[in-house]
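One-letter residues, chain by chain:
Protein chains: 2
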Amino acid sequence: MTDFEKTRRFFNLPEGMIYLDGNSLGPLPRSVPARVEAMIRDEWGEMLITGWNKAGWMAMPRRVGDRIGRLIGAPAGSVVMGDTLSIKVYQALASALDLRPERRVILSDSGNFPSDLYMAEGLLKSLDRGHELKVVAPEDVADHIDESVACLMLTEVDYRTGRRHDMPALTRRAHDAGALAIWDLAHSAGAFPVDVRNGKADFAVGCTYKYLNSGPGGPAFIYVAPEITEDVRPALSGWLGHEAPFAFDLDYRAGQGIDRMRVGTPAMLQMAALDAALDVWDDVDMDQLRARSIELIDLFIAEVEARCSDVTLASPRDGTKRGSQVGFRHPEGYAVMQALISRGVIGDFRAPDIMRFGVTPLYIGEAEIIGAAKHLEDILNSNEWDTPAYRARAAVT
Amino acid sequence: MTDFEKTRRFFNLPEGMIYLDGNSLGPLPRSVPARVEAMIRDEWGEMLITGWNKAGWMAMPRRVGDRIGRLIGAPAGSVVMGDTLSIKVYQALASALDLRPERRVILSDSGNFPSDLYMAEGLLKSLDRGHELKVVAPEDVADHIDESVACLMLTEVDYRTGRRHDMPALTRRAHDAGALAIWDLAHSAGAFPVDVRNGKADFAVGCTYKYLNSGPGGPAFIYVAPEITEDVRPALSGWLGHEAPFAFDLDYRAGQGIDRMRVGTPAMLQMAALDAALDVWDDVDMDQLRARSIELIDLFIAEVEARCSDVTLASPRDGTKRGSQVGFRHPEGYAVMQALISRGVIGDFRAPDIMRFGVTPLYIGEAEIIGAAKHLEDILNSNEWDTPAYRARAAVT
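Protein chains in written order, with our numbering: chain L, 1 to 397; chain E, 1001 to 1397.
Just chain L, with the same shape it has in the complex (with noise of 0.2 Å):
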């Protein structure tokens, strides 16, 4: 049994406020600040240079990858850490391009994080060899999923409507057409249970500053299924992924299976971070999160639909369909989030007009999500979102 009183205690969450926010930045763990200093005064401070062996620096990508892997399906020595998901989403493609040179075309969605087709586009303005990102609505996907199709390149849930692709048939049908299937789990990793391995993904990435709580910029990760591994080019080969790093060769050599992705020196401190931050994760059981968020969730949608007329649903009803998020649209959407923000409610806004609220179980329960709806209900009745100062916009939101 996972308890949820115990996992609430590992986080450090402040007095008065209610953070529906943790599918964009986890909260603190309590055990993240004294396990970065330890790194800091007494392996920096005093192992100096040595600390790339003596601490143990330089197998900290494999090592915490594979508690990574634990959480989303993959073997050991499957999963390694490093970079951006911007970047490990660029990996993944080249690698994916490359695998199948006859085909032109990237096959992604309307709802897939921005940055994803952003790398893409780059990606194919370099190579410049008449390949085309397809963007279609999610619904349609599978009905495009042709032999002209190089890779699949989808987030499995969709980071302003929390609505859930069906990993395993997208990927069945990706596989039938000859396809690869790239699968980015910035909201999935530790938001529900994944099975990349049953799944079948070719590649998967993602980002452990949402549910895996590592803090601001904390490492991505990549999966590589490891039938594949072996006939991966790494196209950004930097020496970290090279067969002999420290031989210093002139010619790069792919090194040995995931390590090829690898790329520069690893962001310890923030490898630190994220290590400490895993350790929730030996109490928690998947399903038993899952069964919580749906019930969460359902919950938080009943309250708002009872207490507020003018907003709708904008995820799926049906919680086995969704993330661990729930959107709400408003057409004031942006300024009523400012106004639940200065109450201490956190959620945020992705244009449109979606206020987006992440429910994470470790941390969040039932008075959290009652109290929620309640301030919503409020601010839309008296109206205190419209003012200058809620409709005027920062620049992250």
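Just so you know, the hints here were simulated from the structure itself, not pulled from any lab data.
Treat the hints with care, since some could be wrong.
To be verified - Derived SDA-like pairs: lysine to any residue, alpha-carbon spacing no greater than 25 Å straight-line:
1. 125/L / 1375/E
2. 1054/E / 352/L
3. 1125/E / 6/L
4. 54/L / 1015/E
5. 1054/E / 16/L
6. 321/L / 125/L
7. 321/L / 197/L
8. 1134/E / 247/L
9. 54/L / 1375/E
10. 134/L / 1375/E
11. 125/L / 1015/E
12. 1321/E / 248/L
13. 1321/E / 1366/E
14. 1054/E / 1248/E
15. 6/L / 1042/E
All of these numbers come straight from a predicted model, not from anything done at the bench.
Knowing the structure of chain L, use the given hints to seat chain E on it.
The following block gives chain E in isolation, referenced to the frame of chain L:
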């Protein structure tokens, strides 16, 4: 006047250690632990997602970039932080090739850091348009600059020997031939005065964990000459380089100026460490630092040559032609270096036979230099290095 006793107190230096590896990983600045802890506890912990605006995280890659800019002669707004050096090399190279579409040669040298060459190899393999990565001896670079060259890609200071290229002269020659110049300043920034503006570099990149003391995996930087920035079409077109990242448009539009070289979500804990580490430079006169570095290395060479008959200098004898490091060759250099490290004299080894020592006047003085030379003399005279343990190579050297 730079007060080198004061700059020394800025750093935590373990008792009894002579640290001559600041060219690989700088020591811990005493200001770092508190600054990182403040970001973790007061910003991430209390502000959570709102830290991106409230704590100024989103602006830090540019703000810190300007601090680096002052050390390398770059105007405000022309440097941005993020990713790793290998990624920044890739961005610069892809941009340079795109700006010289009719040319097919990247010219580099065998003294370049291998990862720079590997990244070029990976890029050219992806492009598959008949480009050539031409790698010549460092002293032959000038002779190979001709109108086939799209860009020169050089590390100013040779990572093994410390040999320093003449940046302004080679860049002028490149420009005369219509080529662009990319300079890797990994062993330059913080090591001596750099002036990318007067040197006319088109792109400059570097890491911050060496002479800038940002800690393991600290963020890299990229400079683009303001004249060409608006012509750069980013190959790694991530969302934070978009003109309006939070509009979440489906199409990429490059951001204004240097912002377009941003890719994904930056590693903020590392950025905080770097920001704290940079404070020391407020009190440093770079010309004095350079003079002191040359003086200390000259002393080290004299001491080692007087004491040790079986090592040979691997670096230029003329201080103006070196970076801030010195190398000595010894056929058993690897084992000798392990013996030195066991005695607390920390340098490193670069294949095939170079013992490498970074000389960093911010925290190294005559006592350490003479001490290190004495230890080396002892080890060589006693054959203390000649044990199986010292000969056994570790993963990271």
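Okay, the hints, checked on the actual structure:
Distance hint between residue 125/L and residue 1375/E is unfulfilled; the C-alpha atoms sit about 56 Å from each other, more than 25 Å. In summary, the hint linking residue 1054/E to residue 352/L is supported, as the alpha carbons are separated by about 23 Å, within the 25 Å threshold. Taken as a hint, the residue 1125/E and residue 6/L pair is broken in the structure, with Cα atoms around 51 Å apart against an allowance of 25 Å. As the CA atoms of residue 54/L and residue 1015/E are separated by approximately 18 Å, the hinted pair is consistent with the 25 Å bound.
This hinted pair checks out: residue 1054/E and residue 16/L have alpha carbons roughly 18 Å apart, not beyond 25 Å. With a C-alpha separation of about 35 Å, the suggested pair residue 321/L and residue 125/L falls outside the 25 Å cut-off, and the hint is violated. About 20 Å separates the Cα atoms of residue 321/L and residue 197/L, which keeps this hinted pair within 25 Å; it holds. The straight-line distance between the Cα atoms of residue 1134/E and residue 247/L is roughly 21 Å, inside the 25 Å bound, and the hint therefore holds.
A distance of roughly 23 Å separates the Cα atoms of residue 54/L and residue 1375/E; the hinted pair therefore holds under the 25 Å criterion. Distance restraint check for residue 134/L and residue 1375/E: the Cα-Cα separation of roughly 65 Å exceeds the 25 Å cut-off, and the hinted pair is therefore not satisfied. The suggested pairing of residue 125/L with residue 1015/E is violated, with an alpha-carbon distance near 54 Å, which exceeds 25 Å. For the hint pairing residue 1321/E with residue 248/L, the CA-to-CA distance comes to about 23 Å; that is within 25 Å, so the pair holds.
Restraint check for residue 1321/E and residue 1366/E: satisfied, since their Cα atoms lie roughly 21 Å apart, inside the 25 Å limit. With a CA separation close to 21 Å, the supplied pair residue 1054/E and residue 1248/E stays within the 25 Å bound. Between residue 6/L and residue 1042/E the alpha-carbon distance is near 23 Å, which keeps this suggested pair within the 25 Å criterion.
The earlier numbered hints that this structure contradicts are 1, 3, 6, 10, 11.
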